[in-house]
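Visitor: Spelled out, the chains give:
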Amino acid sequence: MTMDLSPIIISLKTATLSIIITFFLGVAAAQFVFRLKSKTMKTILDGLFTLPLVLPPTVAGFFLLYIFGMRRPIGKFLIEYFAVKIAFSWGATVLAAVVISFPLMYRSARGAFEQVNPDVLSAGRTLGMSEWNIFWKVQMPIAWPGVISGAVLAFARGLGEFGATAMIAGNIRGKTRTLPLAVYSAVASGKMDDAGQYVVILVGISFIVVVCMNYFSMEKKG
Amino acid sequence: MALSVHIKKKLKDFELAVDFDMDEGIVGFLGSSGCGKSMTLKCIAGIETPDEGRIVLDDEVLFDKKSGINLSPQKRKVGYLFQNYALFPHMTVKQNIEAGLAASGKSKQEKKEIVERLLEQFHIKELENSYPVRISGGQQQRAALARMMAAEPKFLLLDEPFSALDAYLKEKLMQEMMTYLNQFKKGVIMVSHSRDEVYQMCSDTVIMHQGMIETLGKTKEIFDNPGTVNAARLTGCKNISRATKTGTHEVYASDWDIKLTFPEQTEIPSNLTHVGIRAHEIHPIVSKDTNLKDMDSNESIKLNTMDCQLERISEAPFEMYLILQNKSGKNTSPLWWKVTKKEWQEIGEKVPETVELPAEHIILLK
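So the sequences go chain by chain: U and G.
Mapping of the first sequence onto full-length UniProt numbering: position 122 corresponds to residue 122, and the numbering continues sequentially without gaps.
Mapping of the second sequence onto full-length UniProt numbering: position 198 corresponds to residue 198, and the numbering continues sequentially without gaps.
By construction, these hints were calculated from the structure, which means they are not laboratory data.
Wrong hints could be hidden among the right ones.
[What the hints assert, rightly or not] To spell it out: a stretch of chain G is covered by chain U in this simulated footprint if at least three of its residues, at any positions, have a beta carbon under 8 Å from a beta carbon of chain U; those stretches are:
1) 12-21
2) 35-48
3) 98-111
Where is the CB? At the ideal position from N, CA and C, for every residue including glycine.
Model the full structure from these sequences, guided by the hints.
Guide: Rendered as structure tokens:
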């Protein structure tokens with residue numbers, strides 16, 4: 001029997017789109033919290049943004065279903081006005097991966113921003129540089145190694161996402177069955193050889209990505 | 001050219017309350033670490049926001065709590081030289097200077113010319129493609145100065161500009177900096193905890209203590225007559241004793257257990273709390289028969305003298321410190337007497353049994 005290749009395609013598509021979304025969301029959230037003056041607000045938001053990391057993915061999945069489910073106000077609204085169905089569609093795999101990998105991106109980026117010498121940012125301001133330029137031309141390049149390692153972690157986490165995906169996207173063959181779900185399904189139906197093949201592919205992709213990104217961040221540094 | 005700063009800001013241990021006006025020239029802010037000097041600079045530059053007050057530069061209001069004005073640092077056009085220079089580590093020297101021009105709205109050609117001119121002026125042309133970590137502290141300082149000047153500031157703030165440098169470089173760079181600052185011809189505030197830097201570079205001095213301006217005036221005058229105990233310490237006065245006025249022209253210095261008599265023209269303030277004498281102003285009286293020069297002025301020698309014994313000698317490269325105790329044996333604090341090695345040899349390297357604290361060199365402090 002030939003192996004079903006669709007989980008590979010779905011996983012790659014999901015992981016790629018979700019890391020792009022997670023990257024910008026995570027960096028934006030990190031910058032927002034980094035620039036907050038109030039310590040209380042910082043602590044509260046930080047806790048909120050980190051929550052998906054510490055919750056079991058099924059709990060995160062439960063919340064996603066609760067919000068985006070077809071009979072829920074937001075889910076209903078999206079279907080009625082935009083004809084967008086989230087639950088049990090391919091989009092749901094992306095949504096699950098973004099929510100679960102977001103805290104890793106956010107925390108790494110925020111940590112990296114906090115390591116940047118505040119005088120260097122102040123120097124940019126006294127030189128008249130716009131906040132936009134200070135962020136993209138000074139803060140981001142200096143924080144880059146930390147931001148990139150966060151992105152690597154987030155990508156790997158998104159690629160391996162299982163629990164929340166199963167809850168909100170289901171396990172529909174050729175549609176929402178990502179590699180981790182394919183491994184589970186194969187094992188569940190006793191096809192250990194198929195599962196093994198998916199595992200090898202999953203390990204391979206993860207390893208290549210991590211090595212590539214590490215190499216890239218080292219290049220940048222020195 | 002005028003800067004007017006009247007601000008208050010609550011800090012962790014004390015309240016910063018600075019009231020100060022200046023015209024052009026270089027003003028030195030002298031104070032110990034954590035006295036609020038740097039915070040004052042940051043408030044002027046707009047990096048920190050005061051709790052209340054007003055900052056005006058050249059008729060432009062930079063900050064005014066009452067009318068809700070708080071210009072961003074970008075709009076203030078105040079140059080800031082950071083203690084560690086805060087160069088952009090991922091940019092070359094040239095790119096750093098270009099960053100200072102980013103907001104100028106000048107044409108590409110103009111920018112190029114300005115960068116070239118600054119690279120030449122600050123002698124960093126050959127370093128244009130180097131990254132900040134690869135160049136020395138002095139070169140970093142010049143690169144940071146060039147970058148600051150590129151933004152065409154209306155006023156300069158220098159935060160401990162020499163503290164990150166090796167001692168041997170410091171002297172040379174101080175002279176260099178003077179040259180650049182004299183070309184600038186606008187107002188400059190330099191913050192420092194080094195009296196030497198302030199004395200050599202600044203026309204006016206502000207003494208800061210615990211967030212407050214304690215004294216301000218012409219540098220020379222402040223060093224001659226510091227007025228307060230903190231100012232005396234910061235200007236390098238090694239010997240300070242508690243003191244009480246005991247007569248119209250008499251003061252008792254309790255830490256040294258000595259009665260000091262002043263000439264008639266000296267006004268001794270009644271709220272005097274301390275007296276001081278700089279270590280090099282103490283005068284040795286070796287012994288009557290060998291000190292022929294002082295034979296005819298016996299009368300004056302009798303005043304303000306102290307019989308002393310040596311506690312310790314501390315030797316520096318070019319001078320000696322003799323730490324002397326009053327022989328009276330009470331719980332007194334020692335006097336530091338500074339003597340150059342040449343003078344030390346001239347008196348035969350003999351510890352004097354008596355020293356004089358000449359009345360004209362006693363600093364009266366409140």
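Visitor: Evaluate each hint against the coordinates.
Guide: So, going through the hints one by one against the coordinates:
1. 12-21: Contact hint for the region 12-21 of chain G vs chain U: violated, 0 residues under 8 Å.
2. 35-48: The restraint on the region 35-48 of chain G holds, since 4 of its residues have a Cβ under 8 Å from chain U and three suffice.
3. 98-111: Check passed, 5 qualifying residues.
Hint 1 alone, counting from the list given before, is not met by this structure.
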